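Chains as they are written, first to last, in our numbering: chain H, 1 to 115; chain C, 1001 to 1111.
If you're looking for bench data, these hints aren't it; they were derived computationally from the structure. Note that the structure is predicted; figures quoted are calculated from it, not measured. There may be inaccurate statements among the hints.
Counterexamples of contact, computed for chain C against chain H with all Cβ distances above 12 Å [said to hold, decoys possible]: (1) Q1038; (2) P1044; (3) Q1058; (4) T1063; (5) I1100; (6) T1103.
Covered stretches of chain H, going by a simulated chain C footprint (3 or more residues, C-beta under 8 Å) [claimed, not checked]: (7) 40-46; (8) 63-75; (9) 104-110.
The beta-carbon is built from N, C-alpha and C at its ideal position, and this holds for glycine as well.
Listed below, chain by chain, are the residues.
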Amino acid sequence: KAGVTQTPRYLIKTRGQQVTLSCSPISGHRSVSWYQQTPGQGLQFLFEYFSETQRNKGNFPGRFSGRQFSNSRSEMNVSTLELGDSALYLCASRSGPGRNNSPLHFGNGTRLTVT
Amino acid sequence: GESVGLHLPTLSVQEGDNSIINCAYSNSASDYFIWYKQESGKGPQFIIDIRSNMDKRQGQRVTVLLNKTVKHLSLQIAATQPGDSAVYFCAENLNTDKLIFGTGTRLQVFP
């Protein structure tokens, strides 16, 4: 079974631009979460989607948004990029929401650099 | 609270020795815990999980111990191998669907 797939792997943008990152979950997984990883703040929860609905949102500004499609694939968008948005963005999937379902399985991330 | 990782603690072990990685979690109401391994250039990889109604769980070469009294979690790796070199994160789950990650520990295995 293929794992979580994220595209692109690397991205370089300039301040003020916007960016869209894509995630394909493990086949059969319907819940998708996004995390930001930086050396200073570690792994921080962004949001989780299930059945095209956002279930939870982390403590990030409104410039960070996401969505989920009917095939469970997900995208996240960051508008008006700032230097501090440079990070590894990780997508994770599991069979469904709630802790009684399988644990989160992560993709290899998209490395975003903002210059 | 949320994880903050300015300086990553490092554990150096010799190949073949046992490794113990420790983690202090933040919320006494957390009832589900996971250990992840992250190699350079990759995302976190699931190792083992444990629910709060257990205090020990074993996998292949790994054991997780949970001490709810002192909010402490540990990961024991038996007969550590060079391929075990990575950053290890513990994560806790409250009554929401988000994980709160620890700061991580870098494990270095020497021949």
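Against the structure, the hints:
no.: 1; hint: Q1038; result: 8 Å, violated
no.: 2; hint: P1044; result: 5 Å, violated
no.: 3; hint: Q1058; result: 16 Å, holds
no.: 4; hint: T1063; result: 17 Å, holds
no.: 5; hint: I1100; result: 8 Å, violated
no.: 6; hint: T1103; result: 6 Å, violated
no.: 7; hint: 40-46; result: holds (count 6)
no.: 8; hint: 63-75; result: violated (count 0)
no.: 9; hint: 104-110; result: holds (count 6)
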